[in-house]
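Chemist: As a plain string of letters, each chain reads:
Protein chains: 2
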Amino acid sequence: MPDYKAPVDDALFLLNDVFHFDRYGNLPGFADASPDIVEAILGEAAKLCEQSLAPLNMVGDAEGCTRHDDGRVTTPTGFRDAFRQVVDGGWIGLSVPAEFGGQGLPSTLTQAVNEFMCSANMAFAMYPGLTQGAIAALLAHGSDAIKRKYLPKMVTGEWTGTMNLTEPHCGTDLGLLRTKAAKQADGSYKITGTKIFISAGEHDLSSNIIHLVLARIEGAPAGTKGISLFVVPKIVVNDDGSLGGANGVSCGSLEHKMGIHGNATCVMNYDGATGWLVGDENRGLNAMFTMMNEARLGVGVQGLALSEVAYQNAARYAKERLQGRAISGVKYSDRPADPIIVHPDIRRTLMTIRAFNEAARALVLWTALRGDIAHRSGDAKERQSADDHMGLLTPVIKGVLTDRGFENAVMAQQVFGGHGYIVEHGMEQFVRDARIAQIYEGANGIQALDLVGRKIGKDGGRALMAFFNEVQGYIKEKSADEQMKGYVAPLGVSLGHLQQASMWFMQNAMTKPDNAGAGATDYLHLFGLVALGYMWCRIVEAAIVKLPEADGGPSRYSAKLVTARFFMERMLPETATRLARIEAGSASTMELADDAF
Amino acid sequence: MPDYKAPVDDALFLLNDVFHFDRYGNLPGFADASPDIVEAILGEAAKLCEQSLAPLNMVGDAEGCTRHDDGRVTTPTGFRDAFRQVVDGGWIGLSVPAEFGGQGLPSTLTQAVNEFMCSANMAFAMYPGLTQGAIAALLAHGSDAIKRKYLPKMVTGEWTGTMNLTEPHCGTDLGLLRTKAAKQADGSYKITGTKIFISAGEHDLSSNIIHLVLARIEGAPAGTKGISLFVVPKIVVNDDGSLGGANGVSCGSLEHKMGIHGNATCVMNYDGATGWLVGDENRGLNAMFTMMNEARLGVGVQGLALSEVAYQNAARYAKERLQGRAISGVKYSDRPADPIIVHPDIRRTLMTIRAFNEAARALVLWTALRGDIAHRSGDAKERQSADDHMGLLTPVIKGVLTDRGFENAVMAQQVFGGHGYIVEHGMEQFVRDARIAQIYEGANGIQALDLVGRKIGKDGGRALMAFFNEVQGYIKEKSADEQMKGYVAPLGVSLGHLQQASMWFMQNAMTKPDNAGAGATDYLHLFGLVALGYMWCRIVEAAIVKLPEADGGPSRYSAKLVTARFFMERMLPETATRLARIEAGSASTMELADDAF
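Chains as they are written, first to last, in this note's numbering: chain A, 1 to 597; chain B, 1 to 597.
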């Protein structure tokens, strides 16, 4: 069975030494997040994840969820107890305002904890994770009455939440959605339609489930401008907060999926279910969009999380498995063969994953911190700048971290050879679980289009220019620094590739949008490489400061420098190929007739 | 359920127009393979694969194999009937010499047919495929008596075959193997030990199973020089050919795997089973190696096969699924939305897979043809040159075609969005099935090491130089050709990268072998890109000749030119990044201490 040890030390190093969390004490909630408190919180989260959630990961995969004839769904053995522990620990409401029962701590900490939870048990972590998402939506768009009615019990985990967007004929293109909402005399709506792929749509972990549902009010305009958001509880909640009767919503079936078997992916049937409008009529899609940054950041974290746990197990196996001898000469003469970690191709694999993980974790925390600033700062300009950053980096984090997270899980599986293909080692589950993160919450092709088609040109390119200025300024500042110049020089080359690609789109995609579409995925990954490279420079800078503490032997700080060098030498050069593909344009991509495929 | 249509036309175009199969009529068996016969054979194979094997693919995945308490193993519903059809069609012995009951046709045709079978049902195709492998081993190394005893019934499919190499503690490093062989007075051996990951080790498709087993004769040297090869039938075969008693070999359990559920992957227990030596004592590994080229070529074909069937289904879905509108303006105004094939990122995906498939098929057939020459030519120099080619290209085909085959199955799955993650569409099965081909028959890291550590320097680099000369000569010849120069020019750049990387190894890996190991996988893929690029030039050359026939409308020949351009513009530029990684050397890869991982 796979092991997992939460990378608490690395998260603390990033928060304290790289991003100087202590400098944000003026933001609401940050004063309570002193270094010792943060360390205690992450330590507790690690214990929960390592001891309670990780041991259930393979159980969840093997058992899956069960739908009974009466429509009830039961989760795998142990999930109820584990959920109780998550609830008792107050983890769902870690960053929810105190007035609704949360602890009001920075969202950055929630993202750090969510990485641990997803590493330990991604299918399980989706239950609290989706509830956090529904809470965020109601916080942003619900009326005071709705917030008072639903939020406190969702924050405690007594009730859980879901998001209902997809229908059989529409996923990406929500303008096609058909679920209907008929207004009633009392101001409520009757919701009718079928939703698919609803994660945690029905289960046995909570006494009520609060569904957030996109539907079209009768008479509303066609397309995306006629969609509204509704709250539809599984069991109607009376005005005094007590539970009323069952609502007209039920789970029609569970999907049989490639992975995340422990999570109930439901077909949900709404049969005149009573719902209440959230936000304004016909503005449902906007309501969804404003909370999408956090949700997509969370999915990016899933990619990182599976890459991390897969790495840990591959590294352990590579140190244990004896096979062959090092090509440079026997390394462990006391054993019948050397452990496979001596082989350069195995090390290349492990270093590739590791060089991603440590920079991706930085990218997540850096961006989550900007998210906190965007929501909590008293300075409008600072809020805007942070919000720009969130908007720009969100598709990059979602797309790049989940694509690489999956690839890394595959590479880690490969370290196990034939044993990696066998269920009992758990590596193939990581691959199957990681796969969904590339698909849901906007397939990665959509992330790429969001970046290229909306984000880089938004507000006259304000967010993109700010990002370029920050990275360019950093490179300039450090390029005379003897210890740093070896790291910032390759970053400068790749930043140049990104700038050139951006310019190419400006010159070639306005008149011919296919040029942007055909280069979008390459641009997304080019951007990701530059962002990860920038993170490596920031990490190196902090590690150099810490090095003297570690005198007298190899340390994790000197390992940071080696890993950063590996990233610069081995991974960053890919930006040249990405640029070449983008500049090839769309002609050969688009030339064939549709029926030639 | 997925569809499959065997690409008969493309295989015929490659055999007839690109590789001029008719020019080899002087080789044994080729005279019988006239164009009309080849067309008839591939047509029959297509019918079998499309109508009988493909419909069982999801059945096999869902049911898997069952081991009963008495050790018997039953295959999924329908597999017995389908196997009977394969046997009745004479498919197993297509290329086996007539004296053992085969048809003696070129092995190139067997590889073409095997692609179709693996696309239709990879788990099923392994049963006849492994039997073909065992036949090849006995043909090459068995005594006349052994050949006469076993081959005829294996060729008809009345008996099937297996390969038993791996043990729990050794896969790649066979020098560690422990299975023992004790010589008996009658010249036979008693075989004792445990083998794992034995595909088709036990099943209900044939009346006997002929196991080829690597074991160590008592007193033999330690390591790889003390390993011998034995034939161990499940049921002992009397000298008159009749079946005797059960032998001491049994299936201890079936592995639970990520994919290829329809194939029985067995733990095989040898408990004093009677075996007979094949070839010389202590030369078992050599015997295995001489037949490894064909086996590895066959696994490369699996990668292509799954990429092809995944492509076909993704293309169909992309033409059916309506979602969004083309960014360049509405394309299908009669429908509520455009089919997703109008979106550049979807086309990029489909073109990437297609540009691989068509060139990979060429690479397989080109190399299989060289295999036929190596085995059948009367000219020693021609045999040697063809054998050099096989040895050099085998790790490239195995490693590159299975790595890209898997990646392409993943990309094809992505076209389906959330539906790709659901079992019923069959796309996630292709991903799970394709994954094993990167692992077995020598994990791809081992293929890379074989290429870099053995093949490129072998015989003073003779094979490598011959490959360079052929491609270089072709580029030179065509670079003045107006119609060809746009294709050979980028190939020349990438060939330059490959030559530079080869030179870099010569200068930097002799004294420091880690430099070769750390760059091996990148070199493998760099080589693969050049080989595929060369195939595209050859395809284009033939397509240009055929173009006039297709006057008056778009044709599959003009589509070849577009797809070749896509390959040159979008895929081949990756060679630059591969070269940069290789030239980065091994320092950052190897620097960390083992316990830092």
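Worth double-checking, as some hints may not be accurate.
Computed list of lysine-lysine pairs in DSBU-like fashion (alpha-carbon distance at most 30 Å, straight line) [stated by the list, open to error]:
#	chain 1	residue 1	chain 2	residue 2
1	B	Lys485	A	Lys512
2	A	Lys485	B	Lys512
3	B	Lys180	A	Lys319
4	B	Lys225	B	Lys512
5	A	Lys331	B	Lys546
6	A	Lys183	A	Lys147
7	B	Lys319	A	Lys180
8	B	Lys147	A	Lys331
9	B	Lys183	B	Lys153
10	A	Lys225	B	Lys331
11	B	Lys512	A	Lys319
12	A	Lys331	B	Lys180
13	B	Lys225	A	Lys319
14	B	Lys183	B	Lys147
15	B	Lys381	B	Lys319
16	B	Lys512	B	Lys476
17	B	Lys381	A	Lys180
18	B	Lys47	B	Lys546
19	A	Lys512	B	Lys47
20	A	Lys512	A	Lys478
21	A	Lys331	B	Lys5
22	B	Lys546	B	Lys512
23	A	Lys47	A	Lys546
24	A	Lys512	B	Lys183
25	A	Lys190	A	Lys153
26	B	Lys47	A	Lys458
27	A	Lys147	A	Lys190
28	A	Lys225	B	Lys319
In case anyone wonders, no lab produced these hints; they're calculated from the structure.
Chemist: Would you mind marking each hint as holding or not holding in the structure?
Modeler: Verification of the hints:
1. With a C-alpha separation of about 27 Å, the suggested pairing of Lys485 (chain B) with Lys512 (chain A) holds against the 30 Å cut-off.
2. Restraint check for Lys485 (chain A) and Lys512 (chain B): satisfied, since their Cα atoms lie roughly 27 Å apart, inside the 30 Å limit.
3. Distance restraint check for Lys180 (chain B) and Lys319 (chain A): the Cα-Cα separation of roughly 28 Å lies within the 30 Å cut-off, and the hinted pair is therefore satisfied.
4. For the hint pairing Lys225 (chain B) with Lys512 (chain B), the CA-to-CA distance comes to about 26 Å; that is within 30 Å, so the pair holds.
5. The straight-line distance between the Cα atoms of Lys331 (chain A) and Lys546 (chain B) is roughly 59 Å, outside the 30 Å bound, and the hint therefore fails.
6. Of the supplied pair hints, the one linking Lys183 (chain A) and Lys147 (chain A) holds, its CA atoms being roughly 21 Å apart against a limit of 30 Å.
7. Distance hint between Lys319 (chain B) and Lys180 (chain A) is fulfilled; the C-alpha atoms sit about 28 Å from each other, no more than 30 Å.
8. Between Lys147 (chain B) and Lys331 (chain A) the CA atoms are separated by roughly 44 Å; this puts the pair beyond 30 Å, and the hint is violated.
9. A threshold of 30 Å between alpha carbons decides the hint, and for Lys183 (chain B) with Lys153 (chain B) the separation of about 27 Å falls inside it, so the pair holds.
10. As the CA atoms of Lys225 (chain A) and Lys331 (chain B) are separated by approximately 22 Å, the hinted pair is consistent with the 30 Å bound.
11. This hinted pair checks out: Lys512 (chain B) and Lys319 (chain A) have alpha carbons roughly 23 Å apart, not beyond 30 Å.
12. Restraint check for Lys331 (chain A) and Lys180 (chain B): the C-alpha separation of about 28 Å stays at or below 30 Å, so the hint holds.
13. Straight-line distance between C-alpha atoms of Lys225 (chain B) and Lys319 (chain A) comes to about 27 Å, which keeps the hinted pair within the 30 Å bound.
14. For a cut-off of 30 Å, the pair hint linking Lys183 (chain B) to Lys147 (chain B) stands: about 21 Å separates their Cα positions.
15. Annotation: proposed proximity of Lys381 (chain B) to Lys319 (chain B) is violated, straight-line Cα distance about 51 Å (limit 30 Å).
16. The hinted pair formed by Lys512 (chain B) and Lys476 (chain B) fails the criterion: a straight-line CA distance of about 35 Å is larger than 30 Å.
17. This hinted pair does not check out: Lys381 (chain B) and Lys180 (chain A) have alpha carbons roughly 76 Å apart, beyond 30 Å.
18. A hinted pair counts as satisfied when its Cα atoms are at most 30 Å apart, and Lys47 (chain B) with Lys546 (chain B) qualifies at roughly 27 Å.
19. Between Lys512 (chain A) and Lys47 (chain B) the alpha-carbon distance is near 44 Å, which puts this suggested pair outside the 30 Å criterion.
20. Annotation: proposed proximity of Lys512 (chain A) to Lys478 (chain A) is violated, straight-line Cα distance about 39 Å (limit 30 Å).
21. For the given pair, Lys331 (chain A) sits about 52 Å from Lys5 (chain B) by alpha-carbon distance, which is inconsistent with the 30 Å threshold.
22. Of the supplied pair hints, the one linking Lys546 (chain B) and Lys512 (chain B) is violated, its CA atoms being roughly 50 Å apart against a limit of 30 Å.
23. For the proposed pair Lys47 (chain A) and Lys546 (chain A), the alpha carbon gap of about 27 Å is at most 30 Å, so the pair holds.
24. Restraint check for Lys512 (chain A) and Lys183 (chain B): not satisfied, since their Cα atoms lie roughly 76 Å apart, outside the 30 Å limit.
25. Simply put, Lys190 (chain A) and Lys153 (chain A) have alpha-carbon atoms about 24 Å apart, close enough for the 30 Å limit, and the pair holds.
26. Our distance criterion of 30 Å between C-alpha atoms is broken by Lys47 (chain B) and Lys458 (chain A), whose separation comes to about 54 Å.
27. The suggested pairing of Lys147 (chain A) with Lys190 (chain A) holds, with an alpha-carbon distance near 21 Å, which does not exceed 30 Å.
28. At most 30 Å may separate the alpha-carbon atoms for a hinted pair to count; Lys225 (chain A) and Lys319 (chain B) meet this at roughly 27 Å.
Hint check: violations occur at hints 5, 8, 15, 16, 17, 19, 20, 21, 22, 24 and 26; the rest are consistent with the structure.
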